[in-house]
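Protein chains: 2
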Amino acid sequence: MSAVSPVLDRLDKNLDQSLERLFGLLSIKSISTDPTYAADCRKAAEWLVADLKLIGFDASVRDTSGHPMVVAHHDGPAGSPHVLFYGHYDVQPVDPIELWESDPFAPAIKEVEPGHKVITGRGSADDKGQLMTFVEACRAWKQVHGSLPCRVTILFEGEEESGSPSLKPFLEANADELKADFALVCDTGMWDRDTPSICVGLRGLVGEEITVKAADRDLHSGLYGGAAANPIRILTRVLADIHDKDGHITIPGFYDGVEETPSQILKSWETLGETAETFLGPVGLSIPSGEKGRSVLELTWARPTAEFNGIIGGYTGKGFKTVIAAEASAKVSFRLVHKQDPKKIRAAFQTFVKERIPADCSVEFHAHGGSPAIQLSYDSPFLAKAKNALSDEWPKPAVTTGSGGSIPVVGDFQTYLGMESLLVGFGLDDDRIHSPNEKYELNSFHKGQRSWARILDALTR
Amino acid sequence: MSAVSPVLDRLDKNLDQSLERLFGLLSIKSISTDPTYAADCRKAAEWLVADLKLIGFDASVRDTSGHPMVVAHHDGPAGSPHVLFYGHYDVQPVDPIELWESDPFAPAIKEVEPGHKVITGRGSADDKGQLMTFVEACRAWKQVHGSLPCRVTILFEGEEESGSPSLKPFLEANADELKADFALVCDTGMWDRDTPSICVGLRGLVGEEITVKAADRDLHSGLYGGAAANPIRILTRVLADIHDKDGHITIPGFYDGVEETPSQILKSWETLGETAETFLGPVGLSIPSGEKGRSVLELTWARPTAEFNGIIGGYTGKGFKTVIAAEASAKVSFRLVHKQDPKKIRAAFQTFVKERIPADCSVEFHAHGGSPAIQLSYDSPFLAKAKNALSDEWPKPAVTTGSGGSIPVVGDFQTYLGMESLLVGFGLDDDRIHSPNEKYELNSFHKGQRSWARILDALTR
Numbered sequence: 001m002s003a004v005s006p007v008l009d010r011l012d013k014n015l016d017q018s019l020e021r022l023f024g025l026l027s028i029k030s031i032s033t034d035p036t037y038a039a040d041c042r043k044a045a046e047w048l049v050a051d052l053k054l055i056g057f058d059a060s061v062r063d064t065s066g067h068p069m070v071v072a073h074h075d076g077p078a079g080s081p082h083v084l085f086y087g088h089y090d091v092q093p094v095d096p097i098e099l100w101e102s103d104p105f106a107p108a109i110k111e112v113e114p115g116h117k118v119i120t121g122r123g124s125a126d127d128k129g130q131l132m133t134f135v136e137a138c139r140a141w142k143q144v145h146g147s148l149p150c151r152v153t154i155l156f157e158g159e160e161e162s163g164s165p166s167l168k169p170f171l172e173a174n175a176d177e178l179k180a181d182f183a184l185v186c187d188t189g190m191w192d193r194d195t196p197s198i199c200v201g202l203r204g205l206v207g208e209e210i211t212v213k214a215a216d217r218d219l220h221s222g223l224y225g226g227a228a229a230n231p232i233r234i235l236t237r238v239l240a241d242i243h244d245k246d247g248h249i250t251i252p253g254f255y256d257g258v259e260e261t262p263s264q265i266l267k268s269w270e271t272l273g274e275t276a277e278t279f280l281g282p283v284g285l286s287i288p289s290g291e292k293g294r295s296v297l298e299l300t301w302a303r304p305t306a307e308f309n310g311i312i313g314g315y316t317g318k319g320f321k322t323v324i325a326a327e328a329s330a331k332v333s334f335r336l337v338h339k340q341d342p343k344k345i346r347a348a349f350q351t352f353v354k355e356r357i358p359a360d361c362s363v364e365f366h367a368h369g370g371s372p373a374i375q376l377s378y379d380s381p382f383l384a385k386a387k388n389a390l391s392d393e394w395p396k397p398a399v400t401t402g403s404g405g406s407i408p409v410v411g412d413f414q415t416y417l418g419m420e421s422l423l424v425g426f427g428l429d430d431d432r433i434h435s436p437n438e439k440y441e442l443n444s445f446h447k448g449q450r451s452w453a454r455i456l457d458a459l460t461r
Numbered sequence: 001m002s003a004v005s006p007v008l009d010r011l012d013k014n015l016d017q018s019l020e021r022l023f024g025l026l027s028i029k030s031i032s033t034d035p036t037y038a039a040d041c042r043k044a045a046e047w048l049v050a051d052l053k054l055i056g057f058d059a060s061v062r063d064t065s066g067h068p069m070v071v072a073h074h075d076g077p078a079g080s081p082h083v084l085f086y087g088h089y090d091v092q093p094v095d096p097i098e099l100w101e102s103d104p105f106a107p108a109i110k111e112v113e114p115g116h117k118v119i120t121g122r123g124s125a126d127d128k129g130q131l132m133t134f135v136e137a138c139r140a141w142k143q144v145h146g147s148l149p150c151r152v153t154i155l156f157e158g159e160e161e162s163g164s165p166s167l168k169p170f171l172e173a174n175a176d177e178l179k180a181d182f183a184l185v186c187d188t189g190m191w192d193r194d195t196p197s198i199c200v201g202l203r204g205l206v207g208e209e210i211t212v213k214a215a216d217r218d219l220h221s222g223l224y225g226g227a228a229a230n231p232i233r234i235l236t237r238v239l240a241d242i243h244d245k246d247g248h249i250t251i252p253g254f255y256d257g258v259e260e261t262p263s264q265i266l267k268s269w270e271t272l273g274e275t276a277e278t279f280l281g282p283v284g285l286s287i288p289s290g291e292k293g294r295s296v297l298e299l300t301w302a303r304p305t306a307e308f309n310g311i312i313g314g315y316t317g318k319g320f321k322t323v324i325a326a327e328a329s330a331k332v333s334f335r336l337v338h339k340q341d342p343k344k345i346r347a348a349f350q351t352f353v354k355e356r357i358p359a360d361c362s363v364e365f366h367a368h369g370g371s372p373a374i375q376l377s378y379d380s381p382f383l384a385k386a387k388n389a390l391s392d393e394w395p396k397p398a399v400t401t402g403s404g405g406s407i408p409v410v411g412d413f414q415t416y417l418g419m420e421s422l423l424v425g426f427g428l429d430d431d432r433i434h435s436p437n438e439k440y441e442l443n444s445f446h447k448g449q450r451s452w453a454r455i456l457d458a459l460t461r
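From first to last, the protein sequence lines stand for chains A and B. So the first sequence is numbered by UniProt numbering: it starts at 1 and just counts up by one. So the second sequence is numbered by UniProt numbering: it starts at 1 and just counts up by one.
A couple of the hints might just be wrong.
If several chains are the same, the list does not tell them apart, and a pair holds so long as it fits within one copy or across any two.
Cut-off 30 Å, straight-line C-alpha distance, at most; resulting in silico cross-link-like pairs (DSBU-like, lysine-lysine) [as the list claims (entries may be wrong)]:
#  : residue 1 : residue 2
1  : K245      : K213
2  : K29       : K344
3  : K292      : K321
4  : K142      : K117
5  : K29       : K321
6  : K396      : K43
7  : K321      : K339
8  : K321      : K213
9  : K245      : K354
10 : K354      : K318
Read the hints as simulated data drawn from the structure, not as lab findings. Owing to the predicted nature of the structure, the values given are computational and were not obtained by experimental measurement.
Using the sequences and the accompanying hints, generate a full structural model.
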């Protein structure tokens with residue numbers, strides 16, 4: 001018999017107690033963005049420290065200039081990997097409270113249809129319910145085997161819903177203590193109810209605001225039109241030049257570091273059944289706008305983009321004004337993948353723009369953020385092990401996905417701890433996180449615990 | 001001896017009295033945009049009617065729903081042309097009053113340097129001083145010859161500085177009474193202190209606002225970027241496509257009706273010494289932005305343009321927001337020349353835009369104004385006669401110029417009275433019209449009167 005089987009049995013048996021514990025944590029109003037609830041945030045941190053100590057972790061509340069962190073350590077067998085598990089105990093505000101069908105801080109089990117139960121309450125899915133799946137897996141393993149299968153460090157933050165101001169300094173100050181072989185992050189979702197997913201790619205971001213300046217004042221377009229440079233014309237020319245007719249980005253060097261996604265990964269994405277219609281239909285669109293010949297999942301998970309997030313120039317009020325503006329500006333962002341270098345992308349873009357500015361005009365740049373993409377190797381042994389473990393637990397095999405956006409903590413782990421992250425979570429798209437009537441599937445909570453037990457087992461074999 | 005010589009002598013002799021009369025008109029606070037001065041506007045109209053009656057005109061104040069018009073008629077010899085002279089008796093407000101060196105409604109002669117005198121006061125150049133040059137020419141002619149050399153109708157409006165709301169309905173209602181062989185409009189300027197000018201081309205205008213609509217809501221550029229259509233990208237593509245690299249406008253059919261300016265006209269413009277540096281330097285630019293190989297004067301006087309007067313879309317506040325907007329819009333205007341048809345231009349532009357909108361997106365159009373260009377034939381005999389007359393009066397020969405902007409009354413004369421206009425005026429660029437310390441050169445007032453006498457003489461020979 002494998003080491004994990006009795007742990008899975010124990011998790012099945014312990015489900016009611018694990019729910020009681022979760023309800024205890026869910027009833028704490030740890031809304032991080034509202035200073036009124038600062039004491040509740042600390043209470044949640046203390047609750048977690050006490051619970052982790054019961055399991056046998058060396059756990060403590062660690063003060064920051066904001067809400068405290070929870071850090072906990074547990075040894076593992078010599079030679080086993082060292083994992084850092086990350087979650088957050090803070091929650092979103094509950095407004096508008098009148099739309100909640102029950103008290104957001106009085107968690108309950110609700111049977112939405114026969115045999116289909118959910119856990120209701122603020123934080124049930126984001127992220128208290130998710131982080132407790134890992135804690136329960138550790139507890140059961142310890143109960144059954146008297147130890148954990150590998151060395152585990154836990155980091156719970158209390159400011160994820162309010163911009164994580166303390167995270168970077170805390171990671172920097174405690175890098176030696178927190179650095180592990182890799183991180184496990186439980187703050188994402190399943191592909192669907194039956195299909196677990198591991199997110200291995202998160203796009204990076206470079207934001208740049210450009211302001212084109214022409215005449216030293218606004219001009220009358222009758223008197224000067226045809227002679228004087230129009231900054232909106234220059235700006236639209238620059239922006240239009242960025243994409244060719246097939247949606248490729250034309251900035252020299254832009255694709256340096258971009259890799260082709262392995263064909264078996266692309267094939268696995270094809271099996272997910274996501275099409276341009278299913279992806280874009282809900283927002284009223286139907287035609288992918290990016291590089292031709294690539295699926296919407298590849299476009300959003302594994303390809304870089306140039307997007308224009310804002311543009312303004314000249315007269316924008318009601319009616320008309322025959323003006324040639326003195327300046328016009330745009331906010332441009334690039335989503336990066338793989339090994340694209342934010343600094344090189346920014347420099348290449350600036351050069352691209354400058355080459356298109358007439359000699360009697362000028363351009364100013366303002367940088368807004370720059371972070372590289374996160375990309376776990378598709379052939380990482382940890383990934384393969386975790387996928388197999390998840391596939392053993394759920395009705396359908398686990399899929400490797402990407403994410404078009406970024407999850408800052410993953411980049412911070414890379415930057416400050418030099419550590420990759422495996423993103424595994426059990427949320428569903430309809431969990432209503434950040435909204436009234438947040439819920440977490442009872443199935444997610446139960447099979448999530450079992451999934452972590454399987455993953456811990458797999459990672460150490 | 002010609003008929004005009006004694007009239008010119010009389011004008012020289014009458015200069016002081018003509019100044020007294022002008023001062024009388026200038027002292028009336030006929031600020032049309034401010035209802036406080038409605039009675040002053042009527043007073044100015046009545047003053048003009050009284051003065052025209054003294055000359056022998058059949059003159060009357062004609063009520064409108066706004067400030068009144070002045071209409072006056074005087075017969076001419078059988079077979080002589082019938083001219084309609086236009087000017088406006090209303091003036092701009094005087095704010096900021098504290099910047100005036102003297103009372104704007106206490107006109108005076110000021111010697112700015114030895115031998116160089118100006119008439120100071122609101123309306124001195126725009127347009128009371130100018131319209132009185134014509135009235136004085138008629139008065140002197142009548143005094144000398146007991147008649148006028150041609151049939152003259154005069155129209156003075158009192159709402160030019162406040163949008164001329166009554167002009168179109170008045171022209172329409174009184175078309176039979178006002179229609180003449182052509183109009184003389186005295187509301188423009190000289191090329192320079194020594195060089196009179198006749199403006200024969202005024203560009204037309206088509207304004208169009210376009211709004212590109214993509215998704216039915218704003219999207220997160222991380223989650224949707226690369227898949228969802230971005231309306232700013234579509235809009236900038238559309239706008240960038242309008243000009244080719246040589247500044248030509250690529251909209252099919254756009255140049256239909258555009259004529260090449262005769263080479264002798266282009267040569268005469270070359271002699272004016274206006275260069276890209278002299279034209280654009282004062283506003284901080286130096287490189288003509290329009291069709292390559294054409295001078296700034298040709299570009300602004302005789303070539304059509306497409307200008308982008310405003311653009312807005314997405315997030316335009318401080319900082320950055322990674323949004324893909326639901327829509328983006330731009331205000332586009334076309335300056336038209338010669339026989340370009342505003343309706344066809346608008347339709348061609350709409351087609352051009354629609355062809356560039358992806359099938360899952362849409363575009364909306366909002367029309368803002370449409371008027372054809374005004375172009376007097378370069379070989380009109382009236383033009384040649386008027387040019388010769390002006391050349392006889394001033395140190396340098398008269399030049400035929402264009403104007404990049406439009407003067408609405410000229411279009412209205414064309415539309416409602418089917419009549420071309422000859423634009424002759426004696427203002428200078430430094431007259432500070434619409435600003436504090438407006439002035440009119442004493443020389444402009446005196447030689448302007450003489451110029452009109454010569455023009456009336458020339459037109460009837």
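Here is what the structure says about each hint:
1. Taking CA atoms no more than 30 Å apart as the test, K245 paired with K213 passes in both settings, with 28 Å inside one copy and 20 Å between copies.
2. Taking the shortest alpha-carbon separations for K29 and K344, neither the intra-copy value of 44 Å nor the inter-copy value of 65 Å comes in at or below 30 Å.
3. In this assembly of identical chains, the alpha carbons of K292 and K321 lie at most 30 Å apart only when taken from different copies (26 Å versus 39 Å within one copy).
4. In the homo-oligomer, the alpha carbons of K142 and K117 lie at most 30 Å apart inside one protomer (28 Å), although the nearest pairing across protomers, at 104 Å, exceeds that limit.
5. In this homomeric assembly, K29 and K321 come within 30 Å of each other (Cα to Cα) only across copies, at 29 Å, whereas the closest approach inside a single copy is 53 Å.
6. With identical chains, the CA atoms of K396 and K43 are never at most 30 Å apart, being 39 Å at best within one copy and 91 Å at best between copies.
7. In this assembly of identical chains, the alpha carbons of K321 and K339 lie at most 30 Å apart only when taken from different copies (24 Å versus 46 Å within one copy).
8. For the identical chains of this complex, K321 and K213 are neighbours both inside a copy (19 Å) and across copies (23 Å), given an alpha-carbon limit of 30 Å.
9. Proximity of K245 to K354 under the C-alpha cut-off of 30 Å is found in both arrangements, the shortest distances being 22 Å within a copy and 16 Å between copies.
10. Taking CA atoms no more than 30 Å apart as the test, K354 paired with K318 passes between copies only; the shortest distance there is 23 Å, against 32 Å inside one copy.
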